[in-house]
Amino acid sequence: MDDSTHPYSLLSSEHGATHGEARNDRHEENSGSDAHNGPRLPASTAGAQPSAKKSMLLGGASLFVCVISFVFQTAITHRVQESYAQPFFILWVSHSFWMIMLPLHTVYEKMKPSARSLAALKQDALVASAKVIVQRKRPSSASEESRLTSPGDGDEYCRIEPMDADEMTTASNGAMAEQTGEPTPSMHNVFKVAENEEDAQNDNDGGSSRNSDDNSEIDESRVLVRNRPVWVVLHAAALATALVGLLNASAYLWYVAVGLTSMSKVTAIYNMSCFFAYLFSVLLLKERILLVKCIAVVLSIVGVVFMTLVNNGPDAQEAAATQKGGQSAAVLLNRELLGDLLALVCACGIGLYQVLYKKYAVPRNYHSLYYVNFMTTLLGLGTFAVCWFPIPVLHVLRVEVFHWPNRQQLVLVLANAFFGVAYNAGFMIALSVLSPLFAAIGVMLTIPVTAVVDMVMQGQVLAWNIFVGGAGILAGFAMLTIAEYKETVRKASGRAVVVAAADS
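As numbered in the numbering used here, residues 1 to 504 make up the sequence shown, in order.
Derived by calculation from the structure, the hints in this document are not laboratory data. Hints are all accurate, no fakes.
Simulated crosslink set (DSS-like; lysine-lysine; CA at most 30 Å straight-line):
| no. | residue 1 | residue 2 |
| --- | --- | --- |
| 1 | K137 | K122 |
| 2 | K54 | K112 |
| 3 | K122 | K54 |
| 4 | K54 | K110 |
| 5 | K486 | K54 |
| 6 | K122 | K112 |
| 7 | K122 | K110 |
Per label pair, the in silico range of CB-to-CB distance:
| no. | residue 1 | residue 2 | range |
| --- | --- | --- | --- |
| 8 | R398 | S493 | 55 to 65 Å |
| 9 | A330 | K110 | 52 to 62 Å |
| 10 | R228 | P103 | 19 to 29 Å |
| 11 | V452 | L341 | 23 to 33 Å |
| 12 | V452 | R228 | 52 to 62 Å |
| 13 | E82 | V393 | 18 to 28 Å |
| 14 | V305 | V452 | 18 to 28 Å |
| 15 | V452 | V393 | 35 to 45 Å |
We put the beta carbon where it would ideally sit given N, CA and C, even for glycine.
Could you build all of it, start to finish, from the sequences and the hints given here?
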């Protein structure tokens, strides 16, 4: 789902809305003309901030759209696969729809009172894309390159911090966030990996030097855009195409899992992707291990074990088999275990995708919501242009014998894609007007809401282990989020000291 993301949500604030506004104010005071200093900040951060009441209303409405979209997409995917078991084709259509994210964002920008010109929007996306290239070439960037993070909504995985509104989705993206039931960069994970602890401790000593490096990188990026704009776009497209393979492979497992097990299980297990992101940060980026985060990961794993393995005795199997039209209890159990396992592998893949997306596709200290949707659109284009080829391969291998959907099935497939885009858009807005912490906790409402919908659709009361397991996952998520929120506040205070010293 991308963005959100999405995966994929990322603003020109440094590490969150709580202190991003002050940074943007300073940027505007010192920036001078657009011609000299490059593109203005995204309107969501550069413009006048709405009142607190309006922000809460808009953010709350956006989160409502996210939760409803997620639940609808999950339910639609579950329903359509009862008669049209083509999970990869459904995925391909859904992720291809990410192509419309940039046009939609452009229309949104042009409709605003303080509309930016198309040239400014183009420059915004290109400079961010060029900065990704520049920072990869600089040896001094090595330590910060490990910063990681979706549509759709993509720092370092030394600690996971709530994503700024611009850094989310691809994914959705997308990042992708798309996860209105389906994984997206953006789609569901509202975490980003923050700068490593050593950088945090050296903020006061190295703040001026780092700001100088950032300015130098931006200047070099503008030169690259001016001299080789086509190369910058091609590089971004190639990067998106490379990332979309991992994203779609993981998302495909989610679509298959939805057809095998309950929606509530898939939703809860999928939300473990943030914990896998932390684990990958420790294993691949040598992040310092923190006790509170380890406890959070253990809680989430215990929660999944409760959901998948506990209360699966003979009586429970027979009762479930009776409600499934007389299927064999053993067959039903095997199907559900396979679905749970696929959802777990999907969460693992999405966590890895987040890390790689932030490492290779997110420019440091240049957070642009427009750039996020630019990358989300490229992910959609990459899916549309490249990721169709598994469809005939799966057909030849008889894994998914392809046939075109009938009218009713096509409506459901398109509705699934629509709710994916709606999730990405809603999550982007929520992250731009509310704190990342609020957005993160709000999206976790998909777990209990999906459980309720599951009970209604299946006509049965979920077993106690589903509730206990879900509570364990939510508890682990809450611990991780609170720990990161405290760390974000601490870093914000440290940066404020650096800025005050620089201004004086």
